[in-house]
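Undergrad: Spelled out, the chains give:
Protein chains: 4
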Amino acid sequence: MIRFNSDYTEGCHPAILKRLEETNMEQTAGYGEDEYCREAADRIKAVCEAPDANVHFLVGGTQTNVTVIASALRPYQGAITATTGHINVHETGALEACGYKCLTIDTPDGKLTAEQVEKYTKAHFADESFEHMVQPKLVYISNPTELGTIYKKAELEALYRVCRENDLYLFLDGARLGYGLACRENDLTMADIAANTDVFYIGGTKVGALFGEAVVITNPELKKDFRYSIKQRGGMLAKGRLLGIQFLTLFEENRYFEISAHAARLAEKLKDELTKMNISFYINSPTNQQFPILPDDVLDKLREKYSFAYQARVDETHSAVRFCTCWATKEENVEALLADIRAII
Amino acid sequence: MIRFNSDYTEGCHPAILKRLEETNMEQTAGYGEDEYCREAADRIKAVCEAPDANVHFLVGGTQTNVTVIASALRPYQGAITATTGHINVHETGALEACGYKCLTIDTPDGKLTAEQVEKYTKAHFADESFEHMVQPKLVYISNPTELGTIYKKAELEALYRVCRENDLYLFLDGARLGYGLACRENDLTMADIAANTDVFYIGGTKVGALFGEAVVITNPELKKDFRYSIKQRGGMLAKGRLLGIQFLTLFEENRYFEISAHAARLAEKLKDELTKMNISFYINSPTNQQFPILPDDVLDKLREKYSFAYQARVDETHSAVRFCTCWATKEENVEALLADIRAII
Amino acid sequence: MIRFNSDYTEGCHPAILKRLEETNMEQTAGYGEDEYCREAADRIKAVCEAPDANVHFLVGGTQTNVTVIASALRPYQGAITATTGHINVHETGALEACGYKCLTIDTPDGKLTAEQVEKYTKAHFADESFEHMVQPKLVYISNPTELGTIYKKAELEALYRVCRENDLYLFLDGARLGYGLACRENDLTMADIAANTDVFYIGGTKVGALFGEAVVITNPELKKDFRYSIKQRGGMLAKGRLLGIQFLTLFEENRYFEISAHAARLAEKLKDELTKMNISFYINSPTNQQFPILPDDVLDKLREKYSFAYQARVDETHSAVRFCTCWATKEENVEALLADIRAII
Amino acid sequence: MIRFNSDYTEGCHPAILKRLEETNMEQTAGYGEDEYCREAADRIKAVCEAPDANVHFLVGGTQTNVTVIASALRPYQGAITATTGHINVHETGALEACGYKCLTIDTPDGKLTAEQVEKYTKAHFADESFEHMVQPKLVYISNPTELGTIYKKAELEALYRVCRENDLYLFLDGARLGYGLACRENDLTMADIAANTDVFYIGGTKVGALFGEAVVITNPELKKDFRYSIKQRGGMLAKGRLLGIQFLTLFEENRYFEISAHAARLAEKLKDELTKMNISFYINSPTNQQFPILPDDVLDKLREKYSFAYQARVDETHSAVRFCTCWATKEENVEALLADIRAII
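Chains as they are written, first to last, in our numbering: chain A, 142 to 486; chain B, 142 to 486; chain C, 142 to 486; chain D, 142 to 486.
If you're looking for bench data, these hints aren't it; they were derived computationally from the structure. Note that the coordinates shown come from a computational prediction; the quantities given were computed from them, not determined experimentally. Keep in mind that a hint or two might mislead.
No copy labels: a pair is met if it fits in one copy or bridges any two.
With a Cα cut of at most 20 angstroms, we get these calculated DMTMM-like pairs of lysine to aspartate or glutamate [what the hints assert, rightly or not]:
1) K365 <-> D308
2) K293 <-> E445
3) K294 <-> E306
4) K364 <-> D308
5) K294 <-> D250
6) K159 <-> D308
7) K365 <-> E445
8) K365 <-> E272
9) K159 <-> E394
10) K260 <-> E190
11) K263 <-> D456
12) K365 <-> D481
13) K365 <-> D193
Please model the entire structure based on the sequences and the hints provided.
TA: Structure representation (structure tokens):
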């Protein structure tokens with residue numbers, strides 16, 4: 142079975158395991174207060190060109206989303222999100238379990254526009270019953286989105302401008318950030334993201350680490366007491382250095398960007414070749430998640446050899462599915478998949 | 142200023158005030174454990190033909206919705222609701238603040254159908270990521286809905302059947318229940334509602350009381366420890382007899398139904414006469430909330446003399462607004478309103 | 142049965158009922174945005190000598206405590222309270238249900254001292270694991286306390302000084318405030334309380350109203366968006382004027398203080414006479430709650446004619462019980478009780 | 142600097158790292174649904190002699206405590222815990238943040254007795270205001286406790302008997318379970334624990350793993366939908382196999398018990414030798430945490446070379462501190478510490 146169903150099917154980049162071994166018997170302080178965490182934070186701040194940022198390391202994405210959002214909102218405030226946003230659909234209501242409502246906006250491509258956010262917010266405060274409704278206060282976006290789409294620099298800047306004008310925080314979920322930055326359509330840098338959000342995170346779990354997400358907080362209002370929040374939400378790893386060591390390794394020698402580029406290139410190859418076969422897509426994704434629409438019988442045959450995720454029924458005989466590449470994807474497996482699809486079709 | 146903006150602009154039915162005066166200096170036990178509450182509960186059980194039901198009295202609607210739903214759900218379970226449901230839009234996220242997600246279904250008329258609920262629930266359990274999503278466990282409906290529409294007996298029965306087949310609780314918010322049962326299109330009785338839900342409540346605040354909602358629990362699973370939940374959610378009135386006395390008075394001499402019929406008749410008069418004027422409606426409501434679409438300049442003139450609620454912009458020059466009648470509405474005011482609209486148009 | 146078990150066994154002061162009747166068929170705006178609420182707020186601000194305060198009216202005490210505290214704290218912050226504090230023992234975990242921890246300090250008399258609060262707070266921040274513990278941020282006191290004791294002016298001033306020095310909010314639960322201010326040991330005024338807290342509330346439920354608590358917010362940090370919080374926690378009464386009318390009536394003609402003085406005088410009579418009988422007390426309470434220690438067989442006899450609350454077992458044959466007086470207590474009933482105790486002993 | 146301040150200062154047992162490397166490029170299903178997790182669960186069930194148990198793997202202790210307790214309680218129910226319990230003092234209110242109150246019982250040694258639990262529970266239901274207080278429903282104990290003490294088999298059996306008689310769940314936090322089972326005073330087996338609790342967990346973080354806690358659920362009532370809870374509370378690791386691989390390795394070749402025995406033996410050596418030096422202890426701990434009382438000037442000198450945790454001030458010139466041993470502690474370091482203490486004293 143060759144797995145394309147997600148981007149967390151393998152372990153981690155070998156350099157990380159090597160480093161874990163080298164440091165294994167060292168004694169360090171716990172809870173992220175060790176030298177590795179400090180050094181990893183410094184590297185990330187450098188890459189972000191954000192020397193005053195606070196960088197914290199958490200274990201997983203759901204935990205990170207909850208910790209960041211809960212530390213930013215008052216109980217009667219909510220997070221604006223695309224209806225397809227991960228916090229709204231795939232976190233078992235983790236955010237609501239902490240008391241916060243997702244304020245959803247329907248979008249065709251998983252992205253929020255500056256106009257949508259502005260309209261939603263102004264409508265809230267213009268409503269005579271505004272105190273009977275959850276107050277919008279934070280905008281949650283993901284880049285790449287759950288549908289693989291990405292924000293262009295102009296879009297992100299416009300969104301952040303609207304956020305500042307309307308007293309909203311902008312939070313970017315970068316669980317797959319590397320794969321977004323490495324794709325050919327991208328025009329954003331890590332520094333652009335740091336400059337155009339109040340807080341964002343750099344995903345490790347899906348981009349070369351065993352686990353881990355690095356939260357970068359640039360807005361001073363959100364920095365205070367953040368470690369209390371990490372602890373309260375269960376995200377403070379006892380052996381915190383494991384996170385420091387991983388991110389340190391990923392941000393050495395341009396590694397994070399190089400392994401992301403590998404995944405991006407293979408996804409582009411998949412997309413280009415499927416397009417040549419006249420296969421259409423559920424969504425035009427430029428990143429490591431590709432959503433081709435295929436006949437159900439073709440999918441059944443592919444399932445004998447490959448795993449992939451079911452996305453949606455398109456018509457009576459066709460479904461959209463998701464194939465992911467990642468830092469560990471072997472080119473030969475992509476080629477085998479393409480050959481098999483060609484053969485079946 | 143003549144107010145049609147809501148159904149809670151006046152005090153209460155005079156018989157209630159009289160009863161409060163007669164009993165004012167009596168000493169009773171607190172927290173709903175007095176004779177008046179017991180007697181009121183008995184009358185409600187009789188009207189519901191549900192001798193085994195548990196009846197509890199709470200102060201307001203938001204509190205009641207939260208108390209009932211939070212006592213029925215586990216943290217990872219959610220409440221299916223129409224997107225327009227009161228719990229989703231007009232309770233400042235009270236339900237989320239208690240940890241529970243609203244699982245929304247878009248509907249044209251504020252009502253949920255058996256088919257929608259079945260489809261939603263089956264889709265949840267069929268999804269390979271089902272554990273990553275909030276589990277549907279309770280269906281929240283309101284009757285009349287926030288848009289004034291009502292459930293027909295067959296619709297409610299079908300919905301309840303689907304709920305039982307899919308292990309879902311059915312909870313009916315009856316904040317305006319009297320006005321639904323009293324309208325000419327209605328074919329439900331209070332007993333039908335008790336027989337076709339797991340828990341529902343009979344609104345007092347909008348139907349003749351100073352305040353108060355009577356929760357009727359028929360499903361034994363939901364009865365246990367409910368008073369703990371009332372206390373925890375802030376709904377246990379110290380002088381609980383105030384609720385007992387009010388509901389006792391409302392359920393004497395058919396009063397609840399008679400005062401509801403008054404409001405229903407005036408709403409129907411309003412609807413019929415506006416229809417004759419070729420005025421169209423945002424939604425076809427058979428109950429005490431009417432949503433005519435009027436030119437903005439007409440509305441501006443009406444605002445000099447009447448208050449009413451803004452509902453939605455329909456086009457550049459027309460808006461939908463809401464006029465409510467209630468137990469206390471004076472026929473002469475409805476006539477004055479109709480005359481003024483006729484004159485302006 | 143003559144009830145001394147609590148101070149909410151009767152209805153309300155007759156002047157309130159009269160006012161409710163006079164205004165019953167008036168139409169007003171809902172949700173506390175009517176003229177009566179505005180006027181009542183103005184009177185309370187005048188009595189508090191706090192023209193810039195915000196005054197809000199809620200229905201009950203548990204709801205008020207939760208709303209105030211939840212609107213003041215971040216999720217990782219907690220409320221310092223005496224272990225006997227109402228929020229810690231008698232609200233079914235309402236505060237925890239909103240996500241906040243009670244940080245308890247054991248006290249002999251239900252009161253917190255400036256020293257205790259300072260020591261607790263400094264210990265928190267001095268602990269190397271401080272981020273692993275809930276951060277103290279608000280001090281909850283009640284006056285009178287759950288044990289009937291009161292704060293002297295110097296004590297309250299010292300407590301508030303420590304709070305400001307340590308960046309803590311001071312919140313005073315005044316569910317029985319009138320009975321505290323009216324007792325002979327008291328040296329505080331309402332204005333003193335407003336000047337020496339960040340937020341407090343004036344209890345109506347136990348002091349002459351049908352229900353209702355008036356929250357007075359003097360700290361600007363706590364004013365923002367408070368009405369969202371009221372709505373979210375279920376405390377926004379649809380017919381909000383009922384609260385305005387009640388507090389307006391209580392704060393006319395010195396009524397609140399006069400009816401409180403009546404209860405205080407009867408409690409003092411009870412205390413003085415029991416003391417003369419050589420009966421000792423569980424706690425030396427100067428207010429309307431008295432906690433005599435009596436032989437169990439005496440209590441059994443008293444129970445035939447009187448209701449009162451059980452407080453604690455003192456030894457094998459004696460128990461402490463609680464007798465409450467209130468605005469509605471009849472002097473003849475206190476005399477009858479005293480006579481019966483004298484006779485039995 | 143030689144660290145004795147905690148039992149999570151090193152990485153993990155080398156066999157685990159080796160296994161992680163061997164399996165690193167394998168592709169597996171995510172979220173704990175892989176073969177390694179299944180196999181590890183089977184081994185744990187075998188050791189527990191509990192073939193019907195459900196075993197789940199989570200990342201850290203706070204997260205595990207919250208997930209288990211929140212999945213067992215209704216919102217108005219609470220967890221009985223020693224005042225010193227980890228959930229009450231060192232989890233930044235994580236449990237309260239999920240809505241649940243800690244019901245604390247003061248104990249001299251961090252342990253709860255059957256008598257205490259029975260008395261607390263019976264008192265709750267006997268109180269006339271029982272619905273105004275949080276209902277006890279789960280008993281949280283840790284073994285070893287936060288003070289290093291352990292439950293004897295008879296104590297645990299008595300506690301579990303009382304729990305069953307009073308409809309309470311018994312949950313054992315085994316963050317340091319290995320170190321408890323391996324100490325010379327212990328008479329419990331893993332199977333005894335499984336047989337005398339409803340749910341417990343086996344700590345990996347402090348006992349040889351990089352991270353990870355294995356939850357063992359034996360009570361069928363607690364099994365349902367547990368994975369939803371794990372996901373909601375942020376504990377579902379994407380690369381779940383990392384947990385499976387670690388526990389599989391720990392439960393091969395008796396490894397978990399052998400490495401625990403190493404730590405236990407060194408702690409006993411430390412305790413025995415300090416006792417010989419006439420040093421007294423804050424608490425008589427038989428496990429890997431030792432709490433000697435030492436003069437402050439001695440501690441200052443030791444701090445130049447060793448790290449240890451501050452526990453409490455004992456008198457003006459003495460403090461209690463905590464030294465931990467663990468699976469990775471070197472015997473030479475314990476000997477050096479003992480030699481240095483001997484020399485200084």
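Undergrad: Does each hint fit the structure? Answer for all of them.
TA: Hint check:
1. With identical chains, the CA atoms of K365 and D308 are at most 20 angstroms apart both within one copy (18 angstroms) and between copies (14 angstroms).
2. For the homomeric pair K293 and E445, neither the shortest alpha-carbon distance inside one copy (38 angstroms) nor that between copies (49 angstroms) is at most 20 angstroms.
3. Only within a single protomer do K294 and E306 lie at most 20 angstroms apart by alpha-carbon distance; the minimum there is 18 angstroms, versus 46 angstroms between protomers.
4. Taking the shortest alpha-carbon separations for K364 and D308, both the intra-copy value of 17 angstroms and the inter-copy value of 18 angstroms come in at or below 20 angstroms.
5. For the homomeric pair K294 and D250, the shortest alpha-carbon distance inside one copy (17 angstroms) is at most 20 angstroms, but the shortest distance between copies (41 angstroms) is not.
6. Taking the shortest Cα distances, K159 and D308 never come within 20 angstroms of each other, neither inside one copy (45 angstroms) nor across copies (47 angstroms).
7. In the homo-oligomer, the alpha carbons of K365 and E445 never lie at most 20 angstroms apart, since the shortest distance is 52 angstroms inside one protomer and 32 angstroms across protomers.
8. In the homo-oligomer, the alpha carbons of K365 and E272 lie at most 20 angstroms apart only across protomers (12 angstroms), although the nearest pairing inside one protomer, at 27 angstroms, exceeds that limit.
9. In this homomeric assembly, K159 and E394 come within 20 angstroms of each other (Cα to Cα) only inside a single copy, at 15 angstroms, whereas the closest approach across copies is 25 angstroms.
10. Taking the shortest Cα distances, K260 and E190 never come within 20 angstroms of each other, neither inside one copy (32 angstroms) nor across copies (42 angstroms).
11. Proximity of K263 and D456 under a CA criterion of 20 angstroms is satisfied inter-copy only: 19 angstroms between copies versus 38 angstroms inside one chain copy.
12. Proximity of K365 and D481 under a CA criterion of 20 angstroms is satisfied in neither setting, with 54 angstroms inside one chain copy and 41 angstroms between copies.
13. Proximity of K365 to D193 under the C-alpha cut-off of 20 angstroms is restricted to the intra-copy arrangement: shortest distance 13 angstroms within a copy versus 29 angstroms between copies.
Checked against the numbered hints above, the structure breaks hints 2, 6, 7, 10, 12 and satisfies the rest.
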